[in-house]
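Using the hints, put the two chains back together into the complex; each one sits in its own frame.
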Amino acid sequence: MRFFEDIGVGDRAEIGRHTFTAEEIKAFAARFDPQPFHLDEAAAAHSLFGRLCASGWHTACLWMRLAVEHRGREDAMRRASGEAVAALGVSPGFRDLRWPNPVYAGDTVTYATEVLELRPSASRPEWGIMTARNTGTNQRGEPVLSFISSAFVERRQQQRARS
Amino acid sequence: MPQRHWEDFSPGSVFEFGPRLVTRDEIVEFASAYDPQPMHLDEAAARASMLGSLAASGWHSCCLLMRMLSDSFISQSHFMGAPGVEEVRWLAPLRPGETVRARATVLETRPSRSRPQLGFVRFLFELLDSSGARVMTLTVSPMFARRRAPYATRGGALC
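Chains A and B, in that order, are what the protein sequence lines are.
For the first sequence, the positions run 207 to 369 when the working numbering is used.
For the second sequence, the positions run 2 to 160 when the working numbering is used.
Don't read these hints as lab results, they were simulated from the structure.
Errors might be hidden in some of the hints.
Quick look at which bits of chain B chain A covers, simulated, 3 or more residues with Cβ under 8 Å [said to hold, decoys possible]:
1. 29-40
2. 55-67
3. 129-136
Example chain B residues on the side facing chain A (calculated, C-beta under 7 Å, incomplete) [to be verified]:
4. 71
5. 74
6. 90
7. 93
8. 107
9. 108
10. 109
Distance windows between CB atoms, simulated [claimed, not checked]:
11. 279/A - 11/B: 32 to 42 Å
12. 11/B - 363/A: 26 to 36 Å
13. 252/A - 17/B: 30 to 40 Å
14. 140/B - 214/A: 44 to 54 Å
15. 285/A - 22/B: 33 to 43 Å
16. 98/B - 348/A: 34 to 44 Å
Quantities reported herein were computed from a predicted structural model and do not represent experimental measurements.
Backbone N, C-alpha and C define an ideal beta-carbon position, used for all residues, glycine too.
Chain B on its own, in the form it takes in the complex (with noise of 0.2 Å):
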């Protein structure tokens, strides 16, 4: 499959990928690693929580995405990483036993000044649960390298 350069990507084109099973099991275990607050470990606290019952830490949500894009988006495409993410809304709980999907829009696209080989595609993407309703939306600004670096370029490394 040809690999996607920064100029094959336009405003308004839409990405899809997944589904992903998200389970309880690995809701706990992120939570025990990386944010282990009892409404993310267990079902009583929960309860008794904003959130009502168990549901997974949003640093997860926005860690399952990531790896959702390498699996089936980063790897077909000449994608050069982000310096940083614009926005991320934690907009519903993510419940044990979900089935997400993930969607990317490109919102705008726009060249490298300081580095000629490079673009920035920035997207919206939008986790979505198995009713269509959206759990996080995570505005972000990746770099991908150019097909046709334009004349003067300063070459050398990308960095």
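Just chain A, with the same shape it has in the complex (with noise of 0.2 Å):
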């Protein structure tokens, strides 16, 4: 992670990119979203959906996990160069989250985030706000998943004191 001073408002990032399978969708459903149109292809195919498709809550949790793995290889990157690698602190959660067309069984979905606002953080000064646009993009390039996230990132220790 780079540090709260070191990023900038507009900085947009491709995270990575995932191939939803038929098999990784109906597990994921079965343990947390087991409605019938994201197990079982003929029951989707008399859905509204037509066809087998992926929770919601399975095409943002992989926009965290390929956002962490991101992160990971930037920070290798930088500590391999000798550069110090700023802590990322925990999310005070998300708004306006949308899911604007299915994701269906085979279907390869492109991630990334967009960073929207920086701010100081009031009552923690070692810590600042970065509030970030995040996107999932099918290959067909129909958006899929949007969401407006914020997380605590930390400042440069000279920063902080003179803050």
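Pasting the structure below:
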């Protein structure tokens, strides 16, 4: 993770892509979202969706996993070049989550994140709060996921001392 | 049991779900698959983090709530899904061994303008720990089928 001071509004990164197989769609749904159109091809064929599709929570969880893996790769590169790596704190939550199109079995979703806002934390001087718009787009260019997240990001020591 | 339609929800109604035990194993398993940050996987790393000790991914809380609703609520209503979620707030860490409950409060109801056979119900869901403290709140407006479609419906498929 970059330090709070090194991040800019508008910074955008493609964090990775994931192909949703029928097997993993069903396994996730059986665990957390057991609705027929996420569990069974025949039931899905008779539903609004017409075909087996992933739980929206599954689509969102893959954003999280790819975001963590993306950050891990970036941190490894920074460490290899002798740079310090900032800590990422917890997230207070998210808003405006949308699932504008279904993710069908076999679809590949490309995930991205873009920084919307940066502000120092009023109550925790060692942290800043980063707000970002996160998206998922399928192989046809159609949006399948968007939400606005916030997370605490570590500030540089000298910046904290000044504030 | 009769299945709930959109007309059966009114502002101020409260529904409760659970209890549900959340184990350390499932916290670590979920995090390994979907949120592999050390603070959700490893006790020592969690102690050094803002969480202070091991706690579940916030996404895990969302998924647990979804499952609790599926088991006791969605299966008893003409639930037609939700196009999104208005807001989620993660207010307190969800620790291993905690037993959670959920509470749903109806905030408002409105008919769908474009689909007369459906209506929206705006809910505040609260995930509560065993002391009654709020771990998470989630605001969402799912769709439910209406019992009686109004006159001049367009008919046909729901979507």
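For each hint, the structure was consulted:
For a cut-off of 8 Å, the count of residues in the segment 29-40 of chain B with a CB near a CB of chain A stands at 6, and the three-residue condition holds. Counting residues of the segment 55-67 of chain B whose C-beta sits closer than 8 Å to any C-beta of chain A gives 7, which meets the bar of three, so the coverage hint holds. Taking a C-beta to C-beta cut-off of 8 Å, the segment 129-136 of chain B contributes 0 residues in contact with chain A, too few for the three needed, and the coverage statement is violated. Residue-level restraint check for residue 71/B holds (minimum Cβ-Cβ distance to chain A is 5 Å; threshold 7 Å).
Of the supplied interface hints, the one on residue 74/B is violated, with its beta-carbon coming no nearer than about 12 Å to a beta-carbon of chain A, more than 7 Å. With its C-beta approaching chain A no nearer than about 4 Å, residue 90/B sits inside the 7 Å limit, and its interface hint holds. Contact between residue 93/B and chain A, as hinted, is not supported at the beta carbon level, the nearest pair being about 10 Å apart and thus beyond 7 Å. A hinted interface residue such as residue 107/B counts as satisfied when its beta carbon comes closer than 7 Å to some beta carbon of chain A; here the least separation is about 20 Å, so the hint is violated.
The beta carbon of residue 108/B is not positioned within 7 Å of any beta carbon in chain A (closest approach about 16 Å), and the interface hint is therefore violated. Proximity of residue 109/B to chain A is violated relative to the hint, the smallest CB-CB distance being about 18 Å (cut-off 7 Å). For residue 279/A and residue 11/B, the Cβ-Cβ distance of about 51 Å falls outside the hinted range of 32 to 42 Å, so the restraint is violated. A hinted range of 26 to 36 Å is violated for the C-beta pair residue 11/B and residue 363/A, which are about 55 Å apart.
Between residue 252/A and residue 17/B the C-beta distance comes to about 32 Å, which sits within the given range of 30 to 40 Å. Between residue 140/B and residue 214/A the CB atoms are about 31 Å apart, so this pair departs from the stated range of 44 to 54 Å. Here the CB-CB span from residue 285/A to residue 22/B is close to 39 Å, well matched to the stated 33 to 43 Å. Hint check: residue 98/B to residue 348/A, Cβ distance near 42 Å, so the stated range 34 to 44 Å holds.
Checked against the numbered hints above, the structure violates hints 3, 5, 7, 8, 9, 10, 11, 12 and 14; every other hint is satisfied.
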